[in-house]
Each structure stands twice: as C-alpha cells, then as structure tokens.
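Generate the whole structure from the sequences, applying the supplied hints.
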Amino acid sequence: MDKKIFIDGREFAIDGTKTVLEIARENGIYIPSLCYLKKLGPASMCRVCVVEVDGIRNLQTSCSLMPTDGMKITTGSPRVIEARKMVVNLLLANGNHNCLICERNGDCELQEAAYNLGIDIPAFVVPEREEKDESAAFIIRDGNKCIQCGRCVEACNRMVVNEVLEMGNRGGHTHVICDNDLPMGASSCVQCGECVQACPVGALYEKKGVGKGRPWEIRKVRTTCPYCGVGCQQELHLKGDQIVRIKGVEGAQPNDGHLCVKGRYGYDFIYSKERLTTPLIKKNGKFEEASWDEALDLVANKFKQIIKESGPDAIAGVSCARSINEDSFYMQKLFRAAIGTNNIDHCART
Amino acid sequence: MDKQNDTMIKTIIDRYPKKDSAVMPVMQYLQKKNNNRLDDRAVETAAKAIGCSKGKIYGIATYYTMFNTQPVGKYHLQVDTCVPGFLQGADEILAHLEKKLGIKTGETTKDGMFTLSAVQDLGSCATGPVIQVNDRYFENMTVKKTDVLIDALKSGKEPENDPSMTVVSKCNILLNDRTKKDCRTLAFYKGNGGYQSLKKALSMKPDEIVAEVKEAGIRGRGGAGFPAGTKWTFLPKNDSRPVYLICNADEGEPGTFKDRQIMEFNPHLLVEGIAISSFALNAKKSFIYIRGEFDWIADILEAAIEEAKKDGQLNHVDIVVHRGGGSYVCGDETAQIESLEGKRGNPRVKPPFPANFGLYGCPTVVNNVETLSCVPYVIQNGAAAFQKIGVTNNFGPKIFGVSGHVNKPGIFEYPMGTPLKEILEAAGGVKGKMKGVIVGGLSVAILTAKEAEGLNMDYDSCNKAGTALGSGGIMVVNDTVSIPELALRTIEFYHHESCGQCVPCREGSLVIEHKLRDIVEGRGKMEDIDLILHLTKNIKGLTLCPTGEAFAVPIQAMVSKFRPEFEALVKK
Ligand SMILES: Cc1cc2nc3c(=O)[nH]c(=O)nc-3n(C[C@H](O)[C@H](O)[C@H](O)COP(=O)(O)O)c2cc1C
Ligand code: SF4
Ligand code: SF4
Ligand code: SF4
Ligand code: SF4
Ligand code: FES
Chain A
1 MDKKIFIDGR EFAIDGTKTV LEIARENGIY IPSLCYLKKL GPASMCRVCV VEVDGIRNLQ
61 TSCSLMPTDG MKITTGSPRV IEARKMVVNL LLANGNHNCL ICERNGDCEL QEAAYNLGID
121 IPAFVVPERE EKDESAAFII RDGNKCIQCG RCVEACNRMV VNEVLEMGNR GGHTHVICDN
181 DLPMGASSCV QCGECVQACP VGALYEKKGV GKGRPWEIRK VRTTCPYCGV GCQQELHLKG
241 DQIVRIKGVE GAQPNDGHLC VKGRYGYDFI YSKERLTTPL IKKNGKFEEA SWDEALDLVA
301 NKFKQIIKES GPDAIAGVSC ARSINEDSFY MQKLFRAAIG TNNIDHCART
Chain B
1 MDKQNDTMIK TIIDRYPKKD SAVMPVMQYL QKKNNNRLDD RAVETAAKAI GCSKGKIYGI
61 ATYYTMFNTQ PVGKYHLQVD TCVPGFLQGA DEILAHLEKK LGIKTGETTK DGMFTLSAVQ
121 DLGSCATGPV IQVNDRYFEN MTVKKTDVLI DALKSGKEPE NDPSMTVVSK CNILLNDRTK
181 KDCRTLAFYK GNGGYQSLKK ALSMKPDEIV AEVKEAGIRG RGGAGFPAGT KWTFLPKNDS
241 RPVYLICNAD EGEPGTFKDR QIMEFNPHLL VEGIAISSFA LNAKKSFIYI RGEFDWIADI
301 LEAAIEEAKK DGQLNHVDIV VHRGGGSYVC GDETAQIESL EGKRGNPRVK PPFPANFGLY
361 GCPTVVNNVE TLSCVPYVIQ NGAAAFQKIG VTNNFGPKIF GVSGHVNKPG IFEYPMGTPL
421 KEILEAAGGV KGKMKGVIVG GLSVAILTAK EAEGLNMDYD SCNKAGTALG SGGIMVVNDT
481 VSIPELALRT IEFYHHESCG QCVPCREGSL VIEHKLRDIV EGRGKMEDID LILHLTKNIK
541 GLTLCPTGEA FAVPIQAMVS KFRPEFEALV KK
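Residue numbers (my numbering), protein chains in the order written: chain A, 1 to 350; chain B, 1 to 572.
Misleading hints may appear alongside valid ones.
For the chain B half of the interface with chain A, some residues (derived, Cβ under 7 Å), not all of them [to be verified]:
| hint | residue |
| --- | --- |
| 1 | Gly51 |
| 2 | Gly55 |
| 3 | Tyr58 |
| 4 | Gly454 |
| 5 | Cys499 |
| 6 | Gly500 |
Don't read these hints as lab results, they were simulated from the structure.
Positions of the beta carbon are idealized from the N, C-alpha and C atoms, including for glycine.
Given below as structure tokens:
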C-alpha cells in the first residue's frame with residue numbers, strides 16, 4: 001500500500017527520502033527557511049520553518065521532519081504564523097537590517113520571509129553592533145546582517161574543507177570567526193567564496209559587486225569557467241555587459257556550485273585593454289593585426305615547409321595543461337595523425 | 001619542557017577512544033601551564049596535537065567560560081552573582097571587591113595580581129556568597145572574610161575554605177557521615193558494606209539487573225524524572241557497536257548542589273553505582289562528565305576510581321573523569337555528548353536519541369549522579385525495599401538543596417514526597433516572610449507562598465501544583481526581594497548560557513534581558529511586559545533543546561504571578 005501524508009489537506013505520496021519541507025516546496029506550498037541549504041542538509045537552528053503536526057504537541061521544523069504514513073501537517077495555522085513572525089522579528093530586531101543599502105536587497109531569504117509574513121519594521125529593537133570586516137581581497141563580512149545560521153561555517157568546513165570559519169563565543173554573542181578570530185584578510189581563508197554563496201542574507205558579499213547592480217537589473221548567463229580543465233559551471237550576473245558577480249551553478253556537474261578564487265573573482269582580465277582580440281602577425285619586426293584565416297594559413301604553410309625540409313619529428317607540440325580533455329585529445333590527434341609525430345606534451349610537466 | 005608537554009598530551013589523548021575527545025583536557029592542561037591563559041601559541045599547540053584547525057580550538061575556547069583567551073591576573077576572582085548568590089548578598093561582595101581593588105568588574109589590577117569577574121552559578125548555593133579564585137572555591141563569604149582573603153592572597157597565602165552548611169539525612173542512603181575524616185576512603189566505604197552490591201551484581205545476569213532497576217522505578221534525578229530502568233531498555237539489542245555510559249555530573253542548574261555532596265564526600269557510592277550500571281549495560285568504558293569548576297571534586301573521583309581499581313572492583317569497566325569547561329547547556333545529554341566528542345556544546349536534534357546514536361554514534365546512556373547512586377541500594381536490597389521509601393510512582397530517597405532565605409541553608413536527604421514544609425523546617429525555617437519559592441532549580445515556575453502551602457516534594461505533586469520537582473534545588477525568596485530583579489537575574493543566566501544555535505533562545509533571551517533591564521532600571525514601558533509574555537509563550541516548545549523552555553517557563557511565571565510589581569516599575 002502506498003504511503004501518504006496530508007499537507008494543508010492535500011494528499012501527497014511519500015517514499016521516505018524527502019522531508020516535509022522538500023515535499024511542500026516541490027508542490028508550491030510556501031514555508032520559509034533560513035538555516036536550511038539543500039547541499040548541506042537540515043540544521044534545525046533557525047526554527048522559522050515550523051509546521052503543526054496532528055498529535056505532536058510542539059511545532060516541528062519541517063526542514064528536518066521526515067514524514068510518516070498518515071501524518072497530517074498544517075503549514076499556516078495562527079500558531080505557526082505567530083511563531084514564525086516572532087523568529088523573523090527577533091532576527092530583524094538584532095543587527096542592522098536596512099534593506100535600502102543592502103547588496104542582497106531583493107535576493108535575501110530573511111527579507112523574503114519578512115515579506116511573506118507581512119512584517120513591517122521590527123516590533124522591538126535591540127541595539128548591538130559589530131564592525132564590518134573589509135580586510136579581505138574579495139569578500140566583505142557584515143556582522144550586523146548575520147543571522148548566525150551557520151551555513152557559511154558548514155560550507156567552509158564540509159564543502160570546501162578549508163576549515164577557516166567557525167562559530168565563536170555563545171549565546172547572544174555567537175558570531176562567525178575566521179581562524180582564531182582574525183580579520184578575514186589576515187586569516188587562512190583562500191577567498192574561494194563558497195561561504196558567500198551559502199549565505200542567505202547580506203552578511204557576506206562580493207566586494208567587486210558593491211553598487212554595481214540590483215538583483216532585478218541583472219541578467220544571468222550560464223557559462224564554463226575559462227581558467228582550467230575542470231570546466232566548472234558558472235552563472236555570470238551581468239548588468240548590461242558588465243559582470244557584477246559570478247556564482248557557481250548549484251546542482252550542476254562537475255562543481256555543484258563550488259568555484260575557486262580565480263573562477264569566482266578573477267574576471268577583470270576580460271575588460272583589459274591589453275587583451276588580444278585578434279591574431280597578430282609579425283611583419284618587419286612589428287606585430288600587425290590579422291584575420292584568423294591569414295594566421296592559420298601562415299602556421300599551416302610553415303608546418304608543411306618544416307616537414308618537407310626536416311621531417312615531422314622536427315615539430316613538437318606543447319599544449320596547455322588547463323585544456324579540457326577533449327581539446328587535449330584533438331591536440332595529440334593533430335600531431336600524431338595530421339603531422340605524424342609523437343612529440344607531444346603539456347606545459348605542467350616541465 | 002616541550003618534550004614533557006608532548007608526553008603529557010599523549011597521556012591525555014590515550015585516555016579516550018577518539019583523539020578529538022581529548023581536546024578540552026589538552027586545552028585545560030596548556031592553559032594551566034601558561035599562567036592561566038590560552039594564548040595564540042597554546043591554541044596552535046592544541047590544534048596541532050589534536051589535528052584540527054585553529055578556528056576549531058578558538059571556537060571551543062570562546063564557547064566555554066573557563067578558557068581565557070585574554071590575559072588574566074595571577075588571581076582570578078570570580079564572584080557568583082547568579083540567583084542563589086544574589087539572594088545571599090553576592091552583589092555586596094562584588095561591590096566591596098571593586099572598591100577594595102580599585103577596579104571595575106571585568107578589569108585587572110595594574111600590578112596584574114587580580115582580575116575581578118562576576119560569573120554565573122557555581123553550584124555553591126547554600127554556602128554563598130562564593131568566590132572562586134582560579135580553581136579554588138571560597139564559600140560562606142562575608143565582607144570581612146573577603147578582606148582576609150585578599151590580604152592573604154597578596155602575601156602569597158591561601159586561607160582555608162569554609163564550606164560548612166546544614167546537612168541532614170533521613171534516609172542515609174546517598175549521604176554519609178562527612179564529619180569522619182576518612183569518609184572518602186575505600187576502607188571507610190567498605191567498612192559500611194560498600195561494594196557488596198557490586199559483588200552481588202557481578203553474580204547476576206545483566207538483564208536481571210536492568211529488570212530490577214526498572215522494577216524499582218528510579219526516576220531520573222537529573223531533572224526530567226524519566227525512569228532509569230526504562231531508559232536502559234531502549235538500548236538496541238544484538239548491536240555490535242560498543243555501549244557507553246555517561247554519568248552526568250554537570251550540575252549547572254542554579255539552586256542545585258546535590259550531586260557534589262555525593263561526589264565530594266561519598267565518591268565510592270557513585271563509583272559502585274557506575275560499576276554496576278556499566279556491567280548491566282555492557283559498557284566497557286564509562287565517563288563521568290563533571291563541570292570544570294569542580295576541579296578538586298574531579299580529583300577526589302579520580303582518586304576513588306584508582307583505589308577501587310587497585311582493589312579489583314573495576315576489572316570490567318574503565319571509568320574516565322572528564323572535566324567540562326564552564327557551560328550550563330552541557331548538562332543537556334546531547335550537548336554533553338557533543339562536548340565529550342570535543343566540540344562546542346551544542347545540543348543535537350532529537351531523534352536520533354542517545355540510546356541509538358549517542359557518543360561517537362554508538363548506543364549511549366546518560367544518567368545523573370544521584371540516579372546512578374541509587375543503584376547499589378536497589379541491587380543490594382531489592383526493588384521492593386526501594387519502593388518502601390517515598391510515595392507511589394515517586395520512589396526512593398532524594399537530596400534536596402535548600403538555599404535563599406532560610407535560617408539554616410543546606411542539604412537534606414529525605415524520602416520523595418516529603419512535605420516542603422518539613423524540609424524548610426529542617427532548614428531552620430524561612431528567614432523573614434516568604435514571598436515565593438522555586439522548588440526544582442531555576443528552570444521551574446516560581447510558586448507564591450500561598451501556592452506552596454501543602455506541597456509535597458515529588459514529581460507528580462509538583463506537576464500538579466503547576467511547577468516541577470526538577471533537580472530538587474529549593475530556593476526561598478522572602479519579601480525583601482524584587483521579583484523583576486529576580487527575573488532579570490534569571491534571564492541573565494540563560495542568555496549567558498544559551499549555546500546560541502537557535503533563534504528563539506539566542507535572540508529571545510537577549511531581547512527579554514534588555515526589556516527586563518529597562519523595566520528594572522525605570523526605562524520600561526507597559527508594552528514591554530506584554531512583549532515579554534508574548535515571547536515566553538512562543539519560545540516555549542519552539543527551541544532545539546529544552547533550554548528555551550527552561551527560561552520561558554520561570555520568566556512567564558514571575559511576570560504573570562507578580563505582574564503588579566512589574567507594572568509598578570513602569571508606571572513611575
Ligand atoms: C539545559 C539542560 C541542562 C541540564 N543539566 C543537567 C545537569 O546538570 N545534570 C543532569 O544530571 N541532568 C541535566 N539535564 C538533563 C539531562 O539532559 C538528562 O536528561 C539527564 O542527565 C538524564 O539523567 P537522569 O535520567 O538520570 O536524570 C539538563 C538538561 C538540559 C536541557
Ligand atoms: S540582509 Fe536581507 S533583511 Fe537584512 S538588510 Fe539585507 S536584504 Fe534586508
Ligand atoms: S572564502 Fe572559502 S576558504 Fe574563505 S572562509 Fe569562505 S569558504 Fe572558507
Ligand atoms: S555570515 Fe551568512 S551564512 Fe554565515 S552565519 Fe551569518 S548569515 Fe549565516
Ligand atoms: S534552546 Fe538555546 S541552548 Fe538549546 S539549542 Fe537552542 S540556543 Fe542552544
Ligand atoms: S530552515 Fe528549518 S530550522 Fe532553519
């Protein structure tokens with residue numbers, strides 16, 4: 001017999017692999033969440049995703065709740081809404097959530113929850129401030145917007161295993177630290193940005209993107225990182241033709257959202273005036289711009305001439321080690337089959 | 001020196017099945033060797049020894065209060081200003097010390113001799129005010145005795161501690177005659193029939209022991225009152241993983257100072273209890289997780305274990321004493337397991353429960369000191385004898401600690417179900433006029449004097465009266481006390497202790513603390529009172545572990561039962 005549950009009276013089949021939050025989301029039932037990130041699994045810490053379950057006294061966190069056959073779940077009862085509102089209010093009350101100047105305005109899980117719950121300005125305010133940490137090359141940390149969800153800590157330790165971030169102190173003083181509480185720029189952080197991508201709010205953001213564009217002005221383009229042979233999938237966030245930031249594509253092979261510091265932040269070169277955009281051919285000791293056909297013809301003719309004069313083994317090929325497997329395959333095919341030599345190697349062997 | 005360090009660290013690591021568990025003991029050792037400070041170098045040494053990141057060590061160091069990442073004076077004076085201390089005049093001692101040393105709380109004297117701190121509950125509720133100097137306690141302090149203490153420390157001496165208080169045992173099962181100088185020794189214990197019960201247990205089948213304990217109906221003395229024998233039967237059968245027994249000796253609930261009475265004066269009773277229970281549960285390795293502030297009591301336990309081992313009593317189990325680092329939440333069983341695994345003491349999400357997935361992911365039983373100390377009696381005399389003590393469904397002896405406004409505060413071993421009145425009489429009666437009483441440690445609802453009339457001290461009666469027996473820590477509050485101030489002290493404790501994982505507890509306790517301080521200091525508004533009640537109502541049951549409830553319940557009770565006192569402060 002098929003097992004099933006009821007969410008707000010609607011019936012869903014269960015197979016024991018999905019949490020109540022996942023089932024609800026897949027079926028368009030809104031439940032806010034803050035500490036939950038698919039890649040990391042449930043943390044059960046923020047308590048904003050609570051639902052009411054028939055026969056269980058306390059509200060349950062849907063992100064960690066595995067449904068059992070016949071379970072009856074209510075996602076929007078007054079009791080649930082009151083609890084959720086309190087959680088969001090508490091988070092807005094502590095810190096400095098001025099969305100006007102926040103980089104995540106319009107793309108923030110806390111703001112989204114507040115919007116859906118109809119929360120205006122926080123009902124109560126506690127003044128407590130932390131300093132912004134702008135010491136690192138590419139990442140800004142703003143403790144005043146941090147909701148201590150722990151996603152960055154988990155990402156740094158479990159996903160990229162760089163083991164830089166930790167939670168320091170406890171209670172109301174709990175905050176994210178780098179190493180033994182160093183500024184990020186002085187810590188062992190390699191600026192991979194995994195933590196930034198994991199952050200649900202504007203507590204971690206890209207230095208280079210500041211003031212460059214709002215989420216609704218942004219066009220997203222998927223592409224492959226040009227840096228190395230891994231072929232990480234990127235999502236460029238563009239305003240006009242300018243890159244505002246780069247994100248890794250979650251759920252896509254081979255990187256599942258991860259990027260390294262170069263792929264994520266080393267994109268300025270594409271705007272460099274010194275960048276070559278056409279082939280150059282040296283004529284009379286000076287480089288002159290040429291078309292691709294001219295350049296390829298020139299190289300092909302020279303190869304032919306060398307083979308004729310000195311045989312194919314007078315030519316050797318060295319390919320770039322950052323090339324993808326397919327390109328490397330063609331390279332050796334070109335040398336072995338077309339040119340006729342086994343002199344083929346790559347740069348990283350030297 | 002470095003070589004000696006390495007050997008010592010290796011010895012510490014070898015005590016544990018997993019290296020990570022040694023992290024706190026290693027840090028404690030390094031701090032002690034380094035003028036009571038865990039500086040960057042020590043953090044690095046610890047990280048290297050354990051094979052983890054510096055961030056992890058630093059995260060642990062700043063989670064637990066007993067690690068000093070910043071320099072402290074030669075003598076770290078820590079005055080317990082939590083509720084029991086507050087009721088006994090700790091504020092006066094703290095103010096006097098500030099004046100005498102010419103520094104504010106949190107500062108160090110220029111000569112680097114003294115650092116002054118106000119700290120949370122130290123578990124010396126009947127012997128307050130108490131000052132902890134580095135790792136030594138000085139109890140029953142007065143202004144005059146404080147002067148003597150400071151002068152002595154200045155001249156490089158340490159005066160004797162005076163831990164005296166009233167001790168009454170009607171049951172004579174858990175408490176022994178502490179006036180005897182050799183009361184802690186194996187010889188004394190055996191002279192009174194000690195380790196006979198273990199001998200009997202070892203001749204029984206483990207299942208028979210479990211059945212007997214279950215039959216006796218010992219309800220867990222850690223606070224929740226869950227039957228120990230039933231908990232034991234939750235361990236999975238035919239499981240190849242090792243089983244661990246953890247004795248919870250964290251004793252952090254303000255108003256509670258009962259477990260230390262057993263451990264400090266009758267340590268072999270606990271050792272025997274653990275030995276029997278370990279045999280019954282097939283645990284080859286057991287831990288006593290004792291709060292770090294009780295360092296000297298941990299030494300006593302270690303000595304007792306050593307003695308028992310030499311006497312051949314512990315051939316079937318290895319008992320390790322593990323010192324905590326200063327954290328109330330580590331009294332929660334899952335936080336304790338995390339802490340014992342060498343992490344920040346963040347409670348785990350349940351399920352899975354420790355019986356199935358506890359220490360190192362193995363089947364684990366966590367029981368309180370007093371619970372396990374009842375086991376030898378049950379095995380020796382049988383479940384029926386145990387049930388002759390106490391009342392139906394609430395059997396056995398119970399150690400009640402009485403503090404606050406009574407004439408003779410102290411420790412009282414009485415049968416479960418004894419009238420509160422009788423216990424308070426044994427404690428010399430109420431000093432002044434009773435305003436209210438907290439009967440089960442700080443996390444239960446306060447009773448007004450009227451509500452407390454006719455109360456019997458057992459789990460069921462307390463529940464019926466709208467409160468809880470909890471740990472049996474009774475705090476009497478007379479009419480000199482302002483309840484809003486008491487509420488502020490209460491929330492200060494929980495906010496300070498919150499592990500910080502979940503929002504309702506971390507942020508809720510912070511907001512309540514701010515609002516209560518506003519009220520007490522005359523800045524409060526009427527709507528603040530309603531806000532506090534709104535928060536406590538919603539926090540209850542919403543948090544990851546029971547700590548949220550542990551402050552929501554008492555604060556709600558104080559505000560709703562004594563609301564006029566709060567209103568009087570905001571109306572002005
Ligand atoms: C915040 C918190 C603090 C606790 N502190 C203690 C403690 O100090 N000692 C203790 O024995 N149990 C404490 N407990 C209860 C333990 O989680 C656990 O239930 C108990 O140790 C089980 O032992 P028992 O069944 O023998 O009582 C605490 C629970 C919570 C939630
Ligand atoms: S983090 Fe979110 S809620 Fe906070 S200011 Fe930024 S957008 Fe607003
Ligand atoms: S940028 Fe990478 S290495 Fe640095 S803290 Fe974030 S996740 Fe860790
Ligand atoms: S910085 Fe972001 S991800 Fe990290 S704890 Fe704060 S809110 Fe969560
Ligand atoms: S209720 Fe408090 S102590 Fe318990 S997990 Fe949440 S924050 Fe930590
Ligand atoms: S999303 Fe479920 S508790 Fe945070």
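Here is what the structure says about each hint:
Taking 7 Å as the C-beta cut-off, the interface hint given for B/Gly51 is violated, the closest approach to chain A being about 11 Å. Residue-level restraint check for B/Gly55 holds (minimum Cβ-Cβ distance to chain A is 4 Å; threshold 7 Å). Here the hint on B/Tyr58 is kept, as its CB sits about 4 Å from the closest CB of chain A, short of 7 Å. Contact between B/Gly454 and chain A, as hinted, is not supported at the beta carbon level, the nearest pair being about 29 Å apart and thus beyond 7 Å.
For B/Cys499, the interface hint holds, the least distance from its beta-carbon to any beta-carbon of chain A being 6 Å, beneath 7 Å. Because the closest C-beta pair between B/Gly500 and chain A is about 3 Å apart, less than 7 Å, the hint holds.
Comparing the model with each numbered hint stated earlier shows that hints 1 and 4 do not hold.
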